[in-house]
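Protein chains: 2
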Amino acid sequence: MLLEFSEKIGQSSSHAGIQTHFDPQSMTESKPTTSYDVAQRAGVSQSAVSRCFRPGSSISPKTRARVLAAAHELGYHPNAMASGLITKRSNLVAVMISNLTNLYYPEVLAEITRRLSDHGISVLLVALQAESEADAMLDQVWRYRVDGAIIAAQVSPEQLSYFARRRVPVVLYNRFGEGGNVPSVCCDSIGGERQLVDQLVGAGHRKFGIIAGPDDSYVSQQRVSGAQQRLKELGCEALLVKGAFDYDSGDAGLRSLMAMTDGKLDALICANDLMAIGAIDCARANFGIDVPKDLSIVGFDGVAPATWASYRLSTVRQPVRRMTEAAVSMLVERIEDPDLPPEVRTFSGKLIEGASARLTPIA
Amino acid sequence: MLLEFSEKIGQSSSHAGIQTHFDPQSMTESKPTTSYDVAQRAGVSQSAVSRCFRPGSSISPKTRARVLAAAHELGYHPNAMASGLITKRSNLVAVMISNLTNLYYPEVLAEITRRLSDHGISVLLVALQAESEADAMLDQVWRYRVDGAIIAAQVSPEQLSYFARRRVPVVLYNRFGEGGNVPSVCCDSIGGERQLVDQLVGAGHRKFGIIAGPDDSYVSQQRVSGAQQRLKELGCEALLVKGAFDYDSGDAGLRSLMAMTDGKLDALICANDLMAIGAIDCARANFGIDVPKDLSIVGFDGVAPATWASYRLSTVRQPVRRMTEAAVSMLVERIEDPDLPPEVRTFSGKLIEGASARLTPIA
DNA sequence: ACAGAGTTTGCATTCGGATGCAACATCCGA
DNA sequence: TCGGATGTTGCATCCGAATGCAAACTCTGT
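Quick mapping for you: the protein sequence lines, in order, are chains S and E.
Plus 828 on top of the position in the first sequence (first one is 1) and you've got my numbering.
Plus 828 on top of the position in the second sequence (first one is 1) and you've got my numbering.
If you are wondering where the hints come from, they were derived from the structure by calculation, not from laboratory data.
Take these hints with a grain of salt, some might be off.
What the hints assert, rightly or not - Example chain E residues on the side facing chain S (calculated, C-beta under 8 Å, incomplete): (1) 955; (2) 970; (3) 971; (4) 973; (5) 1136.
Cβ coordinates follow ideal geometry from the N, Cα and C atoms, glycine included.
Sequences are here, hints too, so could you generate the full structure?
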């Protein structure tokens, strides 16, 4: 036996009413308690027990007290599988996330989980690594009859339409699906990048480099095209290299750009913070560049390390709390009423001046 | 309607056999398909359908093919709640994590999730923020009748014994419960710290500072006492300040220690990487200290930022893959056989030399 | 063609809680 | 004291898949 079973169970059997013999010993061996056990102990019907745990049901305070007491004594917890079976509500929501190691998502995940649990909803975590895994993982999602899903991962349109067909509400997080026909929560990448570009150009930068994220990333596309577009409007040239949203991509990207421009680069726009951090480290360590004096580097996201003294990254911080709050409430609303129209809520990020980019003209 | 329902359903109705009328249109409206629907379409009994999806059941290849075809056409997925109800196996495992924002846990979480899904097990994520939430969150855990739990969070002994009483297997991750009576997977904190101390002392450091983690953290206690003990053995003095495992604690801790020692500090041992990083930044930015020339700083964990060029932290890296692999397999074994004895598997971390500490004597 | 061994199949029941309905209790005013 | 409005309660049934059992089937050797 792993542990001592020492809890005081079956002691408070002093209240009146019909009672069957209750053997504390059997607790440790018997099958988990059911509503029938509780009903028997409380001297009521199973229905009454059920109603006790179902808000809004008709039950007298007296019965309720008796039942709750019995339930507590027996350590009873309603079986979510049984109740889900009949109510067709699992109170489970799938949260699908691609790369948990992205530094940005853990915060999002923690927030979402907390907020969902405020609604009495638990999280079925689906961590996708490779695109190919999605189908296998989705099988699990279907089996558990989740009430909805929050998706911050690459999911094919077919897979998305599968959700729609089953009428399982979905909210995309920083993605965009099916021409705006799927509810989603996004941070305004284009606006954010335009702000960054405006500041950088206003400060006198002219020659730009951009390190993009993976091709299939929606946010990368948005951020890059937002920056490119604004740079074009302002008559600046920009060289583009591809990255993978990770630290090493920042390093590699900067090296490529330095080679391409022969070192003549005013500012570097990275599609996320992690690459910006990699680029800063590379600039300093490998090229002896003073950031931001010789080169301005900006990122996007506002992850925790961006604020660290070594970087003090100039970036656009996504309003994680507001975004997760929106995602959860949009989802919960659609679980209540699946016919709500799709809606795309876009949030503006906050420009963080930081100290990795010169954002004002030289006096 | 949010999406076009254009999938080719009900087209491949060319195979022989008794068939009822099948209306593709009804797919979009009707209730989700059950094993009875599949049975009817395949012209077999519900039992046959069930056996098709249950490995090891007796079913002929022919029937199997028919059923699978029908299931595919109808988009059928077995209802995990219904099957869990009768088999008493939910195929759910609770993964409880305290502070997801700790940089170390996302990696662990991703690994664990992936490995569990290899066993056909899904993850019910429980993200604890405050200790006080644990009870409310555990209620969810009990309702879903999880098959087991992997716990990397502060959980009270009472709560742990609750698992034991219900015979729900638990594996602790980097914790230690009930005098070794709970299966657990740990990284050898004491050994790791001793290695660090040995190296530091061997390199000539004598005056040490230690920044601890939160009082209630098991790993913090282990790491700190491991370091203290070895330092004492080697006749070195060490000042201790308290932290909270976050970046700011590194900063604050270093400031305290500098004040206490009047700047005369040879080496700083931080109970985790994040605090070490905070301390490095603080040393450089606020005290103009050259790390590691004037001060050696070491951490513990081996998180991703520790490898970044700005830090190149000297630390002990936990073998995350081996540890998660052990945690998952220990749990799965105990789900199969709950009577397996508790077991504590300890893994040695890997010393990463890095460049934030001078680990060899001055020539 | 048939007995017998081995396979495959369907029937009926089960898991634990939710809920419509009817029976019952309670309380109010007249 | 009684009618009726309101509030509680229990009964019976249902949700969807798994499974013991017995019936039906397949195949083998003779």
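- Message: Using the nearest Cβ pair, does residue 973/E come within less than 8 Å of chain S?
- Response: holds, 6 Å
- Message: Holds or violated: the hint that residue 970/E contacts chain S, with Cβ atoms closer than 8 Å.
- Response: holds, 4 Å
- Message: Let's test the interface hint: is any C-beta of chain S closer than 8 Å to that of residue 971/E?
- Response: holds, 4 Å
- Query: Against chain S, with CB atoms and a cut of 8 Å, does the hint on residue 955/E hold up?
  - Reply: Since the shortest Cβ distance to chain S is 4 Å, the answer is holds.
- Regarding the hint that residue 1136/E lies at the interface with chain S, is the smallest CB-CB distance below 8 Å? holds, 6 Å
Of the hints listed earlier, there is not a single one the structure fails to meet.
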